[in-house]
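Residues per chain are reported as follows:
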Amino acid sequence: MEIATPEVAPIIVPEQQEKPKSGLEPGYLVVCWNDPVNFMDYVTHVFQRVFGWPRKKAEFHMLQVHEQGKSVLTRESLEKAEHYVHQLQKYSLHATMERDE
Amino acid sequence: MKLVRHAGERFEFQLGGREKDLLMEILGLYPRIPSAYQRLSKSAGSEEPNQRLLEEALAEQRRENKKQLQALLADREKMTENAQGWRLALTSAELEQLLQILNDVRVGSWVRLGSPESRLEVLDEKMAPDFWAMETAGFFQIRFLQMLEKGTNRS
Chain V
1 MEIATPEVAP
11 IIVPEQQEKP
21 KSGLEPGYLV
31 VCWNDPVNFM
41 DYVTHVFQRV
51 FGWPRKKAEF
61 HMLQVHEQGK
71 SVLTRESLEK
81 AEHYVHQLQK
91 YSLHATMERD
101 E
Chain D
1 MKLVRHAGER
11 FEFQLGGREK
21 DLLMEILGLY
31 PRIPSAYQRL
41 SKSAGSEEPN
51 QRLLEEALAE
61 QRRENKKQLQ
71 ALLADREKMT
81 ENAQGWRLAL
91 TSAELEQLLQ
101 ILNDVRVGSW
111 VRLGSPESRL
121 EVLDEKMAPD
131 FWAMETAGFF
141 QIRFLQMLEK
151 GTNRS
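Residue numbers (this note's numbering), protein chains in the order written: chain V, 1 to 101; chain D, 1 to 155.
I should point out that these hints are in silico values taken from the structure, not numbers from a laboratory. Ideal Cβ positions, reconstructed from N, Cα and C, are used throughout, including at glycine. Treat each hint with caution, since some may be false.
[Unchecked claim] Straight line, CA to CA, 27 Å or less: simulated DSSO-like cross-link-like pairs of lysine-lysine:
1. K42/D / K57/V
2. K20/D / K67/D
3. K2/D / K20/D
4. K70/V / K42/D
5. K80/V / K57/V
6. K150/D / K78/D
7. K57/V / K150/D
8. K80/V / K42/D
9. K56/V / K150/D
10. K2/D / K126/D
11. K42/D / K126/D
12. K80/V / K56/V
13. K78/D / K66/D
14. K78/D / K20/D
15. K2/D / K66/D
[Said to hold, decoys possible] To be clear about the criterion: a stretch of chain D counts as covered by chain V if any three or more of its residues have a C-beta under 8 Å from a C-beta of chain V, and this derived list gives those stretches:
16. 8 to 14
17. 29 to 42
18. 85 to 92
19. 116 to 127
20. 133 to 144
The task is simple: from the sequences and hints, build the whole structure.
Below, the structure is given as structure tokens:
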């Protein structure tokens, strides 16, 4: 007597296309937007204070804001991104955080 | 206005009598930015909890800044009269706070002017006080920044 063994097709697990992002993953961009009211020297100063950057790096991002309309300043977890946005807004800069899609 | 002494965390500025009056007038306008001006995200609506938390945090920050500003201006050790005018003594933390306050007055005045994208061509009587506040706050802001840089480079 033959025992029938069911044919088992290999299970193909589809590759996960998108992993859901938790608040701890660095999936949030801190963006500074251009406006016609904040002085360039002031923006540079604020970047240095908030991020502890050297003047050259702060100037690079300030010029990016000025010439390209915005600059991505850092990529962080939700909590850290909120912290940086709050710090930048304390100085009245036009800063937001956006999901890094 | 000029930086007369900088040692470690302490800065001392010399102001003329008119400069001191102007600075006091500008600081008296703080806060000027409307509470809902800042957005947490380009996509966040005003009803989102994080947006509300941000607005509360900024409002709290402004209340604290206002309280500390009033204490600073009332402190006779901080602002003293001398033969040349007035001597303003600030720590670097107080100077940072002063820069935030001045920029709030500048940006808030710009918002009151309708957030113009380019330089205003025509000024009427109604707009003049906000334009004056925006420009005067900017003047002090730039002077403090220049002196801060000078002081930092010197030390």
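Status of each hint after checking the structure:
1. Using a Cα cut-off of 27 Å, the hinted pair K42/D and K57/V holds, with the two alpha carbons roughly 25 Å apart.
2. Of the supplied pair hints, the one linking K20/D and K67/D holds, its CA atoms being roughly 20 Å apart against a limit of 27 Å.
3. The hinted pair formed by K2/D and K20/D meets the criterion: a straight-line CA distance of about 12 Å does not exceed 27 Å.
4. Only pairs whose Cα atoms come within 27 Å are accepted, and K70/V paired with K42/D is accepted, the gap being roughly 12 Å.
5. In summary, the hint linking K80/V to K57/V is supported, as the alpha carbons are separated by about 20 Å, within the 27 Å threshold.
6. For the proposed pair K150/D and K78/D, the alpha carbon gap of about 21 Å is at most 27 Å, so the pair holds.
7. For the proposed pair K57/V and K150/D, the alpha carbon gap of about 19 Å is at most 27 Å, so the pair holds.
8. With a CA separation close to 17 Å, the supplied pair K80/V and K42/D stays within the 27 Å bound.
9. Restraint check for K56/V and K150/D: the C-alpha separation of about 17 Å stays at or below 27 Å, so the hint holds.
10. Distance check on the hinted pair: K2/D and K126/D sit about 33 Å apart at the alpha-carbon level, beyond 27 Å; violated.
11. Restraint check for K42/D and K126/D: not satisfied, since their Cα atoms lie roughly 32 Å apart, outside the 27 Å limit.
12. Among the hinted pairs, K80/V with K56/V is consistent with the structure: their alpha-carbon atoms are about 23 Å apart, no more than 27 Å.
13. For the given pair, K78/D sits about 16 Å from K66/D by alpha-carbon distance, which is consistent with the 27 Å threshold.
14. A hinted pair counts as satisfied when its Cα atoms are at most 27 Å apart, and K78/D with K20/D qualifies at roughly 13 Å.
15. With a C-alpha separation of about 25 Å, the suggested pairing of K2/D with K66/D holds against the 27 Å cut-off.
16. For the region 8 to 14 of chain D, the assignment as covered by chain V is violated, since 0 residues bring a beta-carbon within under 8 Å of that chain's beta-carbons and 3 are needed.
17. Check result for the region 29 to 42 of chain D against chain V: holds, 6 residues qualifying (beta carbon to beta carbon below 8 Å, three or more required).
18. Only residues whose beta carbon comes within less than 8 Å of a beta carbon in chain V count, and the region 85 to 92 of chain D has 0; fewer than three means the coverage is violated.
19. Against chain V, the region 116 to 127 of chain D contributes 3 residues with a C-beta closer than 8 Å to a partner C-beta. That satisfies the three-residue criterion, and the hint holds.
20. Note: the region 133 to 144 of chain D has 4 residues with beta-carbon separation from chain V under 8 Å; the three-residue rule is met and the coverage holds.
Hint violations for this structure: numbers 10, 11, 16 and 18, all remaining hints satisfied.
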